[in-house]
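S.K.: Sequence:
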Amino acid sequence: MTLQLLSVLAIFSASFNPAAAQFSNWQNGQINTSICVWYQPRAALVRDTVYLDGGTIWWTPGLSNGQHSEPVNEGNYQGNLLSYNLSVPLSRETNVTGILMADMMSKARGGTGNGISTEPNYYDGAMLANDHEFFLYGGAVFRNDQLYDPPPANAVLGYRRYQYGPDKPLWQKGFSAGHLDDGVTRYVAYGGAVNAPSENKAWYFSGLSSPTRGPIIQNTGTDGSTRAMNVSNTLVGLDMAAQLEEKWSNTTLPSMVHGRANPEVVWVPVGKQGILLVLGGVLNPEWATATHKSENETESRLSGQDFMRVIDIYDVASKEWHQQPTSGRGPGSRTRGCAVVAPASDFSSFNIYYYGGFDGINPTNDFSDEVWALSLPSFTWTLINKGTTVHARSGHKCFMPYPDQMMVFGGYTRQSGDSITCLDQGPVVLFNLTSGKWMDSYSPARYADYGVHQDIVKLIGGNAAGSASATSPVPSGWSTSELRDVFAIPYDRNKLTRYWPYNTSSPPVATSTAAPGGSGNFERSLTIVIPAVLVPSVFLFGVGVALWHLRFRRKREAKRHDGLGDASTTLSSSRNVSLWLWGHKSSKQLTSTESHAAMTAASPDPDKSRRSMEPNAGDKPPPAELCEMEDTQVSELCDTSSPVELHDTGLAPLNSFERKLNLAESDPFNPSLNLGHGSLRNAALRSQTEAAANYRHWAESPDVDSAHQSSGRIKKKESRGVFGIEELREAVPEVVQMETPISPTLPIDRYYGEA
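Position 327 of the sequence shown, counting from 1, maps to 327 under the numbering used here, and the rest follow consecutively.
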């Protein structure tokens, strides 16, 4: 009986880990999960960590029979923010989904990372950042009136990771609520975000607003008044020069610069404070209508081509706009791609790599897997890699972990009927900018200076290290003398700070050695659980029982000399042990050092919530301090067990454990996503309110026990006020096979679409 109970406790302890599962609702027989697609996240690189937030994730459940279930979208009502620390290597056997979720933070009230948000999840929008902090701006909110109220127009949520500027004695790391300055509204989505950490500035270019200029709702259904569909002719700026005194601004675009949806905007170190380049975008996107049909397909296609042929340029120092034609075929109409800037070693050229995307009009057509490069100051387009259809994606983000590498996060595939095709090679892929080939692994210890691609060198002259001979646009020349003068001023490279090479002393990252969904994962999990949890618990429990038995025999012998019968002693001692196991109070109360305050609605795993959720390998939590509860008497088992033994036996009073398992019977909120998938989209719409009432407490109160009453699937059965052993046995099959999430592996020696 005791061994069975310990087995149940060990398995439950291992399974209640938010990093080891999709956000909610594991299926019967499910043993792992992986990110299938990730629509429109917002992201930023802060020093050594890529933060990813919002959007919509569809998960692929792996089952114990080796099969995969259909992708599911269970929503993100906790506002979980994922991250990737660049000190973590990536290879063909890496559990990429596990890495992204390892240091997950929740923006919800009471969530890990000091979460305080009342509207936890957005679709699209911007993560505006420098090297110390970021702010979540714009986007379409997932609406659920039973969980939270719509935020005000001037609300903004920030996350402060590092302190900078004058010393701030009261400064704290974590999320912080703020407000936008006058004239700035958060009611804009599907724009282009760009950060310039060396200038402590960031911008959000154009995008779409609702017809009323009011709230933008992602799961709006057919209500056009809250749908982002009108082009916004604005440039929103954020000045982060003074921490805690950030300034927001809003300027109107000149008539020659056309607003659009989801362009890519990059900052280039040219001139006094750098320049912004706007690439691609679409005027009338398919996602701006309920039918997913562009309102003006012809205009969108023609203007989309112009957005890649004539580039809009913003000089940060003078706040002036310029336009410059390009040469070469170029990618054509393109939106929802990603772009990075790779300067030559001598800064004689700046090569902007643009990857993926589609035309923004036909989501059922093949997406692009092409990698293009726009070289400055020659303004020439070069096709670097043709790619393949199966590897294509849109709605992703990309960053440069090192000067010669581009790392791509998230995205989604073309929409084909009612099914979803998962991302080829998983949610994170890597591209070598120098060779122009896809990589099969990433190591923080392997990097090199960027070498200008050989096909670019053929057009601009010089060599891999630079020395470009084309110092002006070819063949048109500069469109204006003012733009020429901007490029004539070299940027002060001393402002640029690098945080690589990265520390490779991070703790080992979980990897998957079995095929996705295979039973090997379940066997491996048992191998870990048994020696790590079960054996020490059994040993310590056995020691406690032996000491109790020895002490009991001594007491019995002593009482015989006093003329006392041993029957009553046996009954009393057995009763004390039973009451201790079941968590009931006897004449001597038991002490539990369990921290219920750590269990919040945003952190369903009590063990994980006790440590810092920051994705910095250097942060380590302080050792736990064991202490007695105030005004509570410490009880030993028949005066033999010390308080330390009680704390370290691995057993908590079961009434406390029972409270953790007192879980709601309804499914969590599942926000809808206008995918154009027919039944998938309708299913998401139908499920958005199924259990909203059960989660209302999450937005209103961080109450611990009530939060846990709505985070699981195990029904409580009463038997004289205790949770019975048989009920625990019945609960095991549903949870016992949960395992860490896995991601599709990256093949060795495989390249895609070599040009």
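Please keep in mind that the hints were generated in silico from the structure rather than gathered at the bench.
Treat the hints with caution; some may be incorrect.
Stated by the list, open to error - With a Cα cut of at most 27 Å, we get these calculated DSSO-like pairs of lysine-lysine:
no., residue 1, residue 2
1, Lys458, Lys495
2, Lys495, Lys272
3, Lys247, Lys458
4, Lys458, Lys168
5, Lys272, Lys168
6, Lys293, Lys247
7, Lys173, Lys247
S.K.: Is the straight-line distance between the alpha-carbon of Lys458 and that of Lys495 27 Å or less?
M.R.: violated (31 Å)
S.K.: Measure nothing beyond the straight line between the CA atoms of Lys458 and Lys168; if it is 27 Å or shorter, mark the hint as holding.
M.R.: Measuring from Cα to Cα gives roughly 53 Å; hence the hint is violated.
S.K.: Holds or violated: Lys272 and Lys168, Cα atoms, limit 27 Å.
M.R.: Given that 27 Å is the threshold and the Cα spacing comes to 30 Å, the pair is violated.
S.K.: Can you confirm whether the C-alpha distance between Lys495 and Lys272 stays at or below 27 Å?
M.R.: With Cα atoms ~11 Å apart, Lys495 and Lys272 stay inside 27 Å; holds.
S.K.: So if I understand the rule, the pair passes when the alpha-carbon distance is 27 Å or less; does Lys173 with Lys247 pass?
M.R.: Holds, because 20 Å separates the two Cα atoms, which is no more than 27 Å.
S.K.: Holds or violated: Lys293 and Lys247, Cα atoms, limit 27 Å.
M.R.: It is violated: about 38 Å lies between the C-alpha atoms, which goes past 27 Å.
S.K.: Holds or violated: are the alpha carbons of Lys247 and Lys458 at most 27 Å from each other?
M.R.: violated (44 Å)
Consistency note: the structure conflicts with the earlier hints numbered 1, 3, 4, 5 and 6.
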